[in-house]
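> Residues per chain are reported as follows:
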Amino acid sequence: MLEIILQYIVDGLMVGTTYALVAMGLTMIFGMMDIINFAHGELYMIGAVLAYYLTSTLKLNFFLSLAVVVLLTFAFGAFLERILMRRIRNAPHAMTAAVTIGLSMFLANFVYFVMGPVPQSIKAPFPLKAIFLGPIMLTQSRIFAAGVTIFTIIATNYIIKHTKLGRAIRATIQDHMAASLAGVNTHKIYSFGFAYGTALAALAGVLLGAMFVVTPFMGESMLGKAWIVVIVGGLGNIPGAIFAAVIIGVTESLTAGLWNSSWANMVSFIIVIIVLLIKPQGLFGKATK
Amino acid sequence: MLKLQNVDVFYGKVQALSDVCINVEQGQIVALVGSNGAGKSTTLKTISGLLKPSRGSVEYKGQHIAGLAPDMIVKLGIGHCPEERHVWPQMTVWENLMMGAYSRNDKDGIERDLQTNYEIFPKLLARKTQKAGSLSGGEQQMLAIGRTLMIRPDLVMFDEPSLGLSPLFVEHTAQIIRDINKNGRTILLVEQNAQMALKMAHKAYVLESGRIVLEGTGEELLFNPYVKKAYLGI
Amino acid sequence: MNTFKRFSPLLLILVILLTPTVIKDNYTFHLLIMVAIYVVMTQGLNLIFGYTGFLSFGQQAYLAIGAYVSAMLALRLGLSFWVTWPLAILATVLVGLFIGFVTLRLRGAYFVIVTIGFAEVVRLLPMNIDALGGPPGLRGLPTPNIHIGNLININFEGTKIPYFYLAWAMALFAIFIVNRLVNSRQGRAFLAIRENDSLAQAVGINIFKYSIFSFTVSVALAGAAGAFFGHYVTHISPEISAFHWTLSMILMVVVGGQGTIWGPVIGSFIFTLLPEWLRAAEQLRLPIYGVLLILAVLFMPNGVLPWLRKIWHQFTEKTRKAPPEAGSSPTHQASS
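Chains as they are written, first to last, in numbering that gives the first Met the number 0: chain W, 0 to 288; chain L, 0 to 233; chain V, 0 to 335.
For reference, chain W alone in the conformation it holds in the complex (with noise of 0.2 Å):
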C-alpha cells in the first residue's frame, strides 16, 4: 500500500510540474497587465497541436520540434500582445474576460476546424520501458517532462531574479510608472511578459501531449487547473505558482488513485475555497498589496 502511494506522489509531482509552467504564464500576465487570461489554456493546446504538426506531418525529430515550438509560440505571444491585449490591458475584468473568452473560442473552434475531432498523439522517442526506481515505475517520457520542466523553472526563475531584464519585469509590475520614468520601455515588457508565458504554456503542451493525446479542446480543464494553481499560490507570485502546482499534482494523483479519478477536480477545488476562506490572498500571498 504504501508503495502504491509512494506511487502517486512521485505521478502527482511529475504531472505538477508542468502545471507549473502553465500557471506560471498565467500568474505573470495577471501579475504585469491584470488580465485574466482564459484563453491561456489555448496556447497550451497549440503548443501540443503544434508539435503534432511537427512530428507527424513534417517528421521532424521530437526534440528540435519542441524547440521550434518554443520559438514559435513566443513569437505568436509577441503578436497576441501587440494586437489584442495591449489594447485590453489595466481594462476592467469583465472587458479582459470577454475578450479573452473571444480569443479562447476563436482558438480552440478554429484548430478543431483545421484538426478534426480524432485525438492525435505526439511521436515521441521514447522507449514504453518503464524505469524502477525501488519500487516507484517512472517512463522515460516523464523523466524528460520532468527533467525540462525543473530546468524551465530553475532558469526562469534566475532571469527574474538576477538579470537586468527580471528587475525591470518586476518593476513594471511594481508600478509601471517608474519603470517608465527609469527608461524602461514597458511596452516591449509586456509584449515579453506575454510572449514567454505562451511559451511556457505551449512548452508544457508539448510535454504533456507526448505523454497523452492532443485535442483542441485539451485547454479547457488545463486552464481551470491552472487557476486553481495561481489562486492558492498567491495571484501575481511565481514561486507561489510553483509550489501550489506540485501540491495541487499530488493531491490529484492521490485522489484520483486512491478513489476516483473524476473526484480528483473536485477536491482540487474544494482545496481552494478552504484556501480563500482561511487566507483570502492565496497560501503563499503576502497580507498586503
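By construction, these hints were calculated from the structure, which means they are not laboratory data. Backbone N, C-alpha and C fix where the C-beta goes; we use that ideal spot for every residue, glycine too. Worth double-checking, as some hints may not be accurate.
Stated by the list, open to error - Covered by chain W, per the in silico footprint, the following chain V stretches (three or more residues, Cβ under 8 Å):
1) 190 to 201
2) 238 to 250
3) 253 to 261
4) 285 to 296
Take the given structure of chain W and dock chains L and V to it, following the hints.
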C-alpha cells in the same frame, strides 16, 4: 535648455494645462509653485512623456520631444523624480538604484555613480539589501532621488520632494538639491512648499488652474505681495 | 419621447401577445423561448455584476440547482411544476445565501475564481451521484399543465405557445423586479458599492448586506430560469451546469450593455439568434463567433445599447434639425 511653448494638456475632456510657456536655462534651478491641482505635476509629466500635449511644443537641447515615449526621453538625459516617491516596494534598495541605470551600459560609470549615491545617502548603503517598502518615508525619498541620479541626467525634475517629510528632512532635501545643482545639473523643481522652492530658485513660475500667472527670479517672487499673501501665508 | 417611455411596457406586452399571430413555426418559438430564459438569467447576472460590480462566473451552478431540485421533487414526489418551481427557487436562494456569505467578502479576480470553483463542484455532483441520474441525467419531467376543474385547461404538450407566454411572463417579471430594485434605495447602494466600495462603506452603506441581497436575487432568477428550462425540455443532464451557460450570459450582458436594463435583453436576442444566422458558415461558426465577440468588446466597450442610443440620438437630432429653425438651440453653442 528646455523650452515649453503654448502647451495645452487634457485629461479626457478636462483641460489641465493651457498655454503654458516655460524656459529653463542650463545650470539653473527653476521652480514651479502653485497649489494642489494647479497643473505642476502635469507639467512635469508632459515633459517626461507620460502625457502628450494636444497643442504646443516641448523642446529639449533643440530637439522636439513632445510625444516621445518616456523611455526615449530618459535616454536624452531628463530624469523625473515623481511625486510620492514611487520606489518599487518589493525590490531591494540596490535593485531600485540599479533600475535607475537601466538605459545605461557603462559598467564603470554605473558603479561610480552607485558609490557617489552611497556617499550622499549613507543610509542607502546601510540598507542596500533591504526591501524599499521597509524604508521610512524620508529614506524612500532619498532612494527616489538616488535612483533618478543613476540615470545620469542633465536635467533633473523633482516633484514635491518635501511632501510628507519632517522639517529637518525638508532642509536636508533642499541642501541635496542645491548640491546636485552645484555639480552641474539643471533642476526643475515642483513644490507646494513655496518658501523652500523660491529661496533656492534662480527663476520661478507660479501656476494657477493650469495657467502661468506670474514669473520672475526666485527673489522677486519671494517678495511679491501677491505671492506672499497667496502662497507664503505672510 | 416621454409618452413613448411610459407606454413601452404595454407595447411590449402587446407585441408578445400578438407574436403567435405572425410566427407559426415551432423552431422560431423555441428560439424565442430560449431568449426569454436568457433574459431572466442575464437580468440576474446584470444585477450582481452590472449594478453591484461582482463578476459572478458561477451562475450555471444556480441554474443547475434550480433545475435539479424541481426535477427531483417532480419525479420522486410527483408534485406539479407549480409547486416545485417556487420550492426550487427557494432552494437556490438558500444555497445562494450560504455561498454569498462566504464569497462576497472577496473581490476582483478572487471572487471570480471562487465562483468558478463552486460551480465546478456543483457540476461534478450530478455526474457522480447515481440518485441524481448520473451523466445521462433525468428524463420525463412533467410539463406545467394547468387543470382547474373543467374551467381552465391549459395543456403544454404538443404546442410551444403556452411555454412562449409563460417564458415571457417570467422574463417581463424579471425585468420588472430588477428595474424596481435598481431604481430604489437598494439600487443606489448597489451602484455605490460598484463604483467605490470603501467610499460606500464610509457613507454608512453596509456593503456586505447589500451585496448578499443583490447576489441572492441574482441567483434566485437563475434558479427560476433553470427550473423552467428543465420542465420545458422535460429532460435535464449535468450539461445544465456547464460553464458555457454563464459564458453566454456574460457575453449577453457585456455586449448588450452592462448596468442597463435593456442591454442584457438586446444581448439575449443577439447571442441566441446570431449562432443561428451563422449556421450557414457551418464549422467556422464558432471561430467567427469568437472574433465577433472580440471586435464587439473592443469597439463597443459599453455594449450595444449605448451605441444604439447614440445613433438614435443622432438620428432624432438630425430629423429635428432638418426643418430650418434658426437659432433653435443657442445654449448648446454658448458654453464652449
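> Against this structure, judge whether each hint is valid.
Now the hints, each set against the structure:
1. Requiring three or more residues with a Cβ within less than 8 Å of a Cβ of chain W, the coverage given for the segment 190 to 201 of chain V is violated, as only 0 such residues are present.
2. Restraint check on the segment 238 to 250 of chain V versus chain W: 3 residues with Cβ-Cβ distances below 8 Å, three needed, restraint holds.
3. Closer than 8 Å: that is the beta-carbon criterion, and the segment 253 to 261 of chain V has 3 residues meeting it against chain W, so the requirement of 3 holds.
4. Closer than 8 Å: that is the beta-carbon criterion, and the segment 285 to 296 of chain V has 9 residues meeting it against chain W, so the requirement of 3 holds.
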